[in-house]
Every structure is written in C-alpha cells, then in structure tokens.
Amino acid sequence: MKIVKEKKDVHDMIKKISRDISKEDLDNTVLIGIRTGGAFLASRIKNLIKTLTGKDVPLGILDITLYRDDWTRIGPAPIVRKTEIPFPVNDKIVILIDDVLFTGRTVRAAIDAILDYGRPKKIKLAVLIDRGKKSRELPICADYIGATLETALQETINVYLEEQGYEDMVAVEEIKKDE
Numbered sequence: 003m004k005i006v007k008e009k010k011d012v013h014d015m016i017k018k019i020s021r022d023i024s025k026e027d028l029d030n031t032v033l034i035g036i037r038t039g040g041a042f043l044a045s046r047i048k049n050l051i052k053t054l055t056g057k058d059v060p061l062g063i064l065d066i067t068l069y070r071d072d073w074t075r076i077g078p079a080p081i082v083r084k085t086e087i088p089f090p091v092n093d094k095i096v097i098l099i100d101d102v103l104f105t106g107r108t109v110r111a112a113i114d115a116i117l118d119y120g121r122p123k124k125i126k127l128a129v130l131i132d133r134g135k136k137s138r139e140l141p142i143c144a145d146y147i148g149a150t151l152e153t154a155l156q157e158t159i160n161v162y163l164e165e166q167g168y169e170d171m172v173a174v175e176e177i178k179k180d181e
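Per this note's numbering, the sequence shown starts with residue 3, numbered consecutively.
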C-alpha cells in the first residue's frame, strides 16, 4: 500500500469541493452520496457548506447495488442497503457524490437510480479522486474533483475515512489476483 494523500490532503480536497459547490444555487440544490464512501463525504460536504454559507442543503444517501450492471457477479445474495432520499429531486440541481471515479459504471447506476425518484433539473458529479479519462469506460466526467490520480489498471485507489474506523487517507494498492 502506498499512501498518496494524507489526512490534511483529504481535508483540503473536501474543503475545495465544498467551496466550489457553494457557488451553486443552494436553494435549489440537493446532495446525494453514494454508499458507502460517497455518503460519508456528502455528509462532510453538507456540514462544510453550512459553515461556509449558512445554508442547510438537503442530504440523501443512495444505494446502487441493484442498479449496477455487474450485480450478479457480486455474489448470489448481494447486500442491499437502504436508500434515503427524503426530499423531491424534481427540478433540483442534484450533486451526486462519490469517493472515486474510475470506469464511470457506478455513476451510471447512480443516475439510473436517481431518475427513478424524479426528474432533476441537472445532475452534477463530485468526487474526491478522479482516476483520469484513460480508465473511463463510459462518457462520464466529474464537475467537482478533489484530485486526479492516474494509475495502472492493475492498481486500485482506496479512500480510507474516519467514519469507517480509519485515519483519513488515500492509498494506491495492487489488485490481488486469485491464485
């Protein structure tokens, strides 16, 4: 494991994203975090926006398990967690939040799920780490990015967060192959 972003870096990236989102029409904006890492980041961003602007932007949490195009590969009984979107998304600017943008497939699944809740005015994407366009399988890009880290395909980027029992950091790790 190679640590590429330490605690201060992670906090700085979250602050940058929060400041950038604060420029939106916050009266018509909602935040939706993708479980798990995106939900934790969305909560932090919500709190920072409130500190910066005084606006309490609505926060939702989205589980995309059954919207994924590879959910049958996850196992015979994938764990589906609760989606909590306690507000309408119709005509809202939805800021979708995740920890890492890689192939774009998670974001595509999240967009499909959000559209089941209504028709937003616009969907924007905020990610802590963008792995760059070379790895993208779908034509998806982020509007708000903490950092861009291009890595080899045999590597993975893991975001470790305090809410998960770790110290905040971003690490590049080799993908373990089954032997």
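To be clear, the hints were calculated from the coordinates, so they are not data collected in a lab.
As the structure is a prediction and not an experimental result, all values here were calculated from the model.
Hints are supplied without guarantee of correctness; some may be wrong.
Straight-line alpha carbon distances no greater than 27 Å define the calculated DSSO-like cross-link-like pairs of lysine-lysine that follow [said to hold, decoys possible]:
| no. | residue 1 | residue 2 |
| --- | --- | --- |
| 1 | LYS123 | LYS52 |
| 2 | LYS124 | LYS57 |
| 3 | LYS126 | LYS136 |
| 4 | LYS178 | LYS18 |
| 5 | LYS4 | LYS136 |
Checked hints:
1. LYS123 x LYS52: Holds, because 22 Å separates the two Cα atoms, which is no more than 27 Å.
2. LYS124 x LYS57: 20 Å, holds
3. LYS126 x LYS136: 21 Å, holds
4. LYS178 x LYS18: 33 Å, violated
5. LYS4 x LYS136: OK: LYS4 and LYS136 at ~21 Å, within 27 Å.
When held up to the earlier numbered hints, the structure conflicts with hint 4 and nothing else.
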